[in-house]
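Turn these sequences into a full structure, and let the hints guide you.
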Amino acid sequence: MLPIIILLPLILGTTLVSWLKQFSRGVTALGAIGVSLTSFILLLTQSKQVFQGGAVSESWPWLTQIGIDFSFRLDALGLIFSLLITGIGTLIYIYAYYYLSPQNSLSKLYALLMLFMAAMLGISLSNNLIILLVFWELTSISSFLLVGYWSNYDAAQRGSRMALTITGMGGLAMLGGFILIGQVTGTYQIDQILSMGPIIQQDPLFVPILLLILLGAFTKSAQFPFHFWLPNAMAAPTPVSAYLHSATMVKAGIFLLARLLPIFAGASLYHNIVTTVGLFTLCMAAFFAIFKEDLKGLLAYSTISHLGLIVCLLGIGSPLAVAAAIFHIINHATFKAALFMLAGIIDHETQTRDLRKLSGIWQMLPFTATLTMITAAAMAGVPLTNGFISKEMFFTELLSNLSGGFGILAAIIATMAGIFAVAYSTRLVHGVFFDGAVGKDVPNKAAHEPPLGMRAPAILLATLCILVGIIPALLIEPIVNAGTLASTQIAQFDGAGLAIWHGFNLPLLMSAIALVGGLVFYFALARNGKIRRMDLDPYLGKLQGKLIFENALKRLLLNARWIKRNTETGSLQTYIFIIILFSIALVASPLVNQGLSAGSRELTHAPWVAIVLWLLLFSACWMMLWFHHERIKAVLITGAVGLVVTMVFVTLSAPDLALTQITVDVVTTVLLLMSLSLLPQLTPYESSRTQRWRDGVIAIVAGLGIGWITWMMLTRDHNSISWFFVQQSLPLGGGSNIVNVILVDFRGFDTFGEITVLGIAAIGALCMMDGMRAHGTTMTQGLTYRFNPSPLMFRMAASWVLPLAMVVSFYILLRGHNYPGGGFIAGLITSMAIIIQYIALGQDYAEKLLRANSGRRYEIWIGTGLVIAGLSGIAAWLWSRPFLTSAHIYVDTPMFGTFHLASAAIFDVGVYITVVGAAMLLISVLGDSRHSSMSGPLPKE
11 MLPIIILLPL
21 ILGTTLVSWL
31 KQFSRGVTAL
41 GAIGVSLTSF
51 ILLLTQSKQV
61 FQGGAVSESW
71 PWLTQIGIDF
81 SFRLDALGLI
91 FSLLITGIGT
101 LIYIYAYYYL
111 SPQNSLSKLY
121 ALLMLFMAAM
131 LGISLSNNLI
141 ILLVFWELTS
151 ISSFLLVGYW
161 SNYDAAQRGS
171 RMALTITGMG
181 GLAMLGGFIL
191 IGQVTGTYQI
201 DQILSMGPII
211 QQDPLFVPIL
221 LLILLGAFTK
231 SAQFPFHFWL
241 PNAMAAPTPV
251 SAYLHSATMV
261 KAGIFLLARL
271 LPIFAGASLY
281 HNIVTTVGLF
291 TLCMAAFFAI
301 FKEDLKGLLA
311 YSTISHLGLI
321 VCLLGIGSPL
331 AVAAAIFHII
341 NHATFKAALF
351 MLAGIIDHET
361 QTRDLRKLSG
371 IWQMLPFTAT
381 LTMITAAAMA
391 GVPLTNGFIS
401 KEMFFTELLS
411 NLSGGFGILA
421 AIIATMAGIF
431 AVAYSTRLVH
441 GVFFDGAVGK
451 DVPNKAAHEP
461 PLGMRAPAIL
471 LATLCILVGI
481 IPALLIEPIV
491 NAGTLASTQI
501 AQFDGAGLAI
511 WHGFNLPLLM
521 SAIALVGGLV
531 FYFALARNGK
541 IRRMDLDPYL
551 GKLQGKLIFE
561 NALKRLLLNA
571 RWIKRNTETG
581 SLQTYIFIII
591 LFSIALVASP
601 LVNQGLSAGS
611 RELTHAPWVA
621 IVLWLLLFSA
631 CWMMLWFHHE
641 RIKAVLITGA
651 VGLVVTMVFV
661 TLSAPDLALT
671 QITVDVVTTV
681 LLLMSLSLLP
691 QLTPYESSRT
701 QRWRDGVIAI
711 VAGLGIGWIT
721 WMMLTRDHNS
731 ISWFFVQQSL
741 PLGGGSNIVN
751 VILVDFRGFD
761 TFGEITVLGI
771 AAIGALCMMD
781 GMRAHGTTMT
791 QGLTYRFNPS
801 PLMFRMAASW
811 VLPLAMVVSF
821 YILLRGHNYP
831 GGGFIAGLIT
841 SMAIIIQYIA
851 LGQDYAEKLL
861 RANSGRRYEI
871 WIGTGLVIAG
881 LSGIAAWLWS
891 RPFLTSAHIY
901 VDTPMFGTFH
911 LASAAIFDVG
921 VYITVVGAAM
931 LLISVLGDSR
941 HSSMSGPLPK
951 E
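For what it's worth, the working numbering labels the leading residue of the sequence shown as 11, then goes sequentially.
Because the hints were derived from the structure by calculation, they are not lab data. No residue lacks a Cβ here, since even glycine has one placed at the ideal position from N, Cα and C. Only true hints are included.
Computed Cβ-Cβ distance ranges for the label pairs, DEER-style:
hint : residue 1 : residue 2 : range
1    : SER28     : HIS458    : 32 to 40 Å
2    : LEU535    : TRP160    : 30 to 38 Å
3    : LEU714    : VAL767    : 30 to 38 Å
4    : ASP902    : ASP213    : 58 to 66 Å
5    : LEU535    : ASP213    : 46 to 54 Å
6    : VAL767    : ILE189    : 23 to 31 Å
7    : ILE189    : SER28     : 32 to 40 Å
8    : LEU535    : HIS458    : 27 to 35 Å
9    : GLY36     : PRO453    : 24 to 32 Å
10   : VAL619    : LYS643    : 25 to 33 Å
11   : ASP902    : SER28     : 46 to 54 Å
Computed cross-link-like contacts, DSS-like style, restricted to lysine-lysine with a CA-CA straight-line distance of at most 30 Å:
hint : residue 1 : residue 2
12   : LYS31     : LYS118
13   : LYS450    : LYS367
14   : LYS574    : LYS556
15   : LYS367    : LYS556
16   : LYS455    : LYS367
17   : LYS564    : LYS574
Rendered as structure tokens:
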């Protein structure tokens, strides 16, 4: 059931809202709400078992050899986050229906939000680090699309790129940490890793593991110094901001720290870094929030501050501190989602969210003002709200676990952060609703309360803020206790002890100082409107995170341009020189301190055939060197080299390789000859005498080096893996042609990747050539070709070639599993036959017969081949076998005897269709009259 909870928004939700948009906005909204609510209800059905200490696990094997399986696990911690994701997500969908104007695509927003929800659910439910990472990166991509929802808004595009860059960088670092954990523990299963904390901490790799994972968590949860991306993401639509800040994106790093706490707890480096970073982020962001003029900017910095508070508690790491962190995660999600929705209402009704223009709108929006006061009080930690209780717990754990000078400093910083939190919360309420004349500078003087449906989600969340603040033990304590046990992995926990009153103590004094000090601090700044004129940016100067990021990108771009300017000279000779020189250095560096002598294996005499072939190959290569400036001769000599290599394969009894080589050689030679129509006939002489000597030395060194490495390998005994394939090809793969069985079974995934790349290359060539014009006018400027009808005799011969070639290719395809052949060779034979038709009949007539419409049908062939190959691999999953595992049976028939049938033949059919489609698409593109001069009239002499 756990994958269904993820797949509901990922597949059903995204497709459903895209389909429902044809009816109405209301129907689209109901579809999105229904999908989200269904996931929420499915999670609730597991809540009784999970919150009582149980867990639900489901797993399917995938890449078991490297420890990657589709493994999911729902415990109390994952359930808390998943309920927040789906519950608040449902409220966001309701709110977005009223917020977004009919001119903007509601279905697009819902589809992206569904993708975002699925990614966050995947993080919460994954029980495998690598699968978790996949969903982690999906949150970065989906948030990039959401922040950049308004494509014509420059600030949105800049903010989305910044968010993707920072969080993507952290994701790459986290990948390194996960891989190191796998190396240390031998597994990527999270439930197994959590029991190996002492093993990980004692390993020399612990420090890099810790730092890399903290990078991922800090960048995602906007901790200093990576906090600046979050305020710049405020250009997103308000429903996106509300969802991103309350229950999803920024909570991912928090979740990761809570999930992996057992492997880090007890390590002083972890506690020192996380506590310090969280404490500094808490105070710094709270101070900046006071002076933000954008309403959403103020809320963004308050989010960073509260995230710092949670990170600090997770850094302390005691059971009560973790309980306080989990409790505040829930509290922050409720009041922050409501505050962003209310900010959206204010912006929606007044047409501005600039705090310098908003003032005295209490009379315009009295109900909205009341909700804002309640939720802002929770954010500030005012008594009788949920925020007050979690703030008290934070102060208590800070005083209980930090001692000495650092403890005193931490208490002072936390109290200052509390003062700043009260100050920016007071500004949010007083500055917007009471300070100044009624709507004096508001653009929309007719602002009024929005529909009830738009306020309903905020009403529900504000009510929860009050109820949890009054009766926390009844409503939320069992959930917090279960989440604490799941995060810390301890056997027993006495309980968080949530209550609105713990007597007169030091934490209460700190809260009182924060409350009174915050009010005094704000009204001192607000006197005579001073706070509206204050701007911290000039004081920060170049130390602003946004400027540092932009300057770093600018420097990176300038360096990239400098490298491009000095390396991309337009000379193929220079490129090859750099590549070969770098390759020599790369290969030689590990061999410097190794023995470079030949082995002691007994040598055999070279047969006369090998000597003849070697002389032919040497002669062809020498001719290539001599005639390489004449392009058509160079192509023909390259084909001759391929023929010699084919004869080598025949001599070495490798018929499959020989067939592949000869067919590839013919097709590529034709492609190269056709491409000459786009190029001059002669290659210009670029080399000076010095360059020719230099290139000659480099070529000799590279050739001798590779030759010597080959000689050292051949003169040493080694254990070949070929015997495994010889022994297992028939029993496991069901075929006696070992090469084909390797390609379609043992290494079928490689082959699938190769035909995918082949298809991408062909379609890429189509895109690159689209709209290109090449006009060869003379034989010295370019070779011109025309696929006009050829002589009658050639056309008649070609009419016989195609059916015969199709029969041969069909025969080669079917016999490939047991005899030389297969889909790749058969595809190339078919391609050669069709190329002959092109030459004989002309491209237009040939494509008319093939119904290819100037090659466009070949794109369908490529897609069809890939789908067939992919489905043949997926079918193995139905029998719980790895992807592309083949099956084979023997069928006895009364008339034709015994037939050997293998499912690999279906995969080979996909290979065949893809190869034909790719080869013919390239031929079609190069011969298309829209792209070149091949079909144009012959030039006049």
